[in-house]
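These are the residues of each chain, in order.
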Amino acid sequence: NAGVIQTPRHKVTGKGQEATLWCEPISGHSAVFWYRQTIVQGLEFLTYFRNQAPIDDSGMPKERFSAQMPNQSHSTLKIQSTQPQDSAVYLCASSLTGGAQNTLYFGAGTRLSVL
Amino acid sequence: AQKVTQTQTSISVVEKTTVTMDCVYETRDSSYFLFWYKQTASGEIVFLIRQDSYKKENATVGHYSLNFQKPKSSIGLIITATQIEDSAVYFCAMREGDTNAYKVIFGKGTHLHVLP
Chain A
1 NAGVIQTPRH KVTGKGQEAT LWCEPISGHS AVFWYRQTIV QGLEFLTYFR NQAPIDDSGM
61 PKERFSAQMP NQSHSTLKIQ STQPQDSAVY LCASSLTGGA QNTLYFGAGT RLSVL
Chain B
1 AQKVTQTQTS ISVVEKTTVT MDCVYETRDS SYFLFWYKQT ASGEIVFLIR QDSYKKENAT
61 VGHYSLNFQK PKSSIGLIIT ATQIEDSAVY FCAMREGDTN AYKVIFGKGT HLHVLP
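Residue numbers (the numbering used here), protein chains in the order written: chain A, 1 to 115; chain B, 1 to 116.
Hints in this document: simulated from the structure, not taken from any laboratory. A hint or two may mislead.
Only pairs whose alpha carbons sit at most 25 Å apart, straight line, appear in this in silico BS3-like list of lysine-lysine [stated by the list, open to error]:
| no. | chain 1 | residue 1 | chain 2 | residue 2 |
| --- | --- | --- | --- | --- |
| 1 | B | Lys3 | A | Lys62 |
| 2 | B | Lys16 | B | Lys3 |
| 3 | A | Lys62 | B | Lys103 |
| 4 | B | Lys56 | B | Lys103 |
| 5 | B | Lys72 | B | Lys103 |
| 6 | A | Lys62 | A | Lys11 |
| 7 | B | Lys103 | A | Lys78 |
| 8 | B | Lys16 | B | Lys72 |
| 9 | A | Lys78 | A | Lys62 |
| 10 | B | Lys103 | B | Lys3 |
| 11 | B | Lys56 | B | Lys72 |
| 12 | A | Lys62 | B | Lys108 |
If the Cβ cut is set under 7 Å, some of the chain B residues that face chain A in the computed set are [what the hints assert, rightly or not]:
| no. | residue |
| --- | --- |
| 13 | Phe33 |
| 14 | Gly43 |
| 15 | Ile45 |
| 16 | Tyr54 |
| 17 | Phe68 |
| 18 | Lys70 |
| 19 | Arg95 |
| 20 | Gly97 |
| 21 | Lys103 |
| 22 | Phe106 |
A virtual CB, placed ideally from N, CA and C, is assigned to each residue, including glycine.
Just chain A, with the same shape it has in the complex (with noise of 0.2 Å):
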């Protein structure tokens, strides 16, 4: 079990350049989360995956953020014309259902860089 497979580990992006994340959750796990984790806003909830359909973006900013999940093997968080404030580490977890009482595993993150 490889565990949730983040790539890149770091990403560097001028300002106003796209910036694309992949996520490979755990084989058999049916839900996928995404956050953003920053030293001032801790981890933040951005979007939600269960069996590949979109649940829960509350999280996602109106504006440049976008999620999928186009198979059970991969998710994608999308970030358009980035912005030095959009510099923060993105994690991705998933986990075994969408049961509330299941835990989630998560992956090394994505450090973003926005310059």
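With chain A held as given, fit chain B onto it using these hints.
Same frame as chain A, now just chain B:
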């Protein structure tokens, strides 16, 4: 709306002692699940322990235990016989169970320093 609050930003203890980290939560759901996660210096986040809202018994796993006080909406994490390697950031989290949304909300974390 659900909310998780950890007021202790940082705690320092001497190894082999017991430490308690506080967490209070807000929810309108009658069913919910409370979790504690640990983030090590490498950035890795791992699950430690869970408390189901309908259970009166405090959960215990190894040297981690919980102090669940439902009337106070409080879920404290107790670490006994602390070790240097317990130094990390500890996050309290909640997942509501009544609705179908199931998003997980985290507190801002408590940084534990275990000193020799």
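*Lys72/B and Lys103/B: Cα distance at most 25 Å?*
22 Å, holds
*Should the interface hint for Phe33/B be scored as holding, given a Cβ-Cβ cut-off of 7 Å against chain A?*
5 Å, holds
*When the nearest CB of chain A is found for Gly43/B, is that gap smaller than 7 Å?*
Holds, because the Cβ-Cβ distance from Gly43/B to chain A comes to roughly 6 Å (cut-off 7 Å).
_Hint check: Lys3/B vs Lys62/A, CA-CA at most 25 Å. Holds or violated?_
Distance of about 21 Å is within 25 Å: holds.
*Closest C-beta approach of Ile45/B to chain A relative to 7 Å, hint status*: Interface hint status for Ile45/B: holds (4 Å vs cutoff 7 Å).
*Keeping to a limit of 25 Å between CA atoms, is the pair of Lys62/A and Lys11/A held or broken?*
It holds: about 22 Å lies between the C-alpha atoms, which stays within 25 Å.
*Are Lys62/A and Lys103/B close enough, with their CA atoms no more than 25 Å apart?*
At roughly 18 Å apart (the allowed maximum being 25 Å), Lys103/B and Lys62/A satisfy the hint.
*Could you grab the alpha-carbon distance between Lys62/A and Lys108/B and see if it respects the 25 Å cut-off?*
Measuring from Cα to Cα gives roughly 23 Å; hence the hint holds.
*Are Lys16/B and Lys72/B close enough, with their CA atoms no more than 25 Å apart?*
29 Å, violated
*Holds or violated: is there a CB of chain A closer than 7 Å to the CB of Arg95/B?*
5 Å, holds
*Given Phe106/B was flagged as interface, is its beta-carbon under 7 Å from a beta-carbon of chain A?*
4 Å, holds
*asked:* For a C-alpha distance cap of 25 Å, please report whether Lys103/B and Lys78/A respect it.
replied: 20 Å, holds
Going through the hint list in order, the structure does not satisfy hints 2, 8, 16, 17 and 18.
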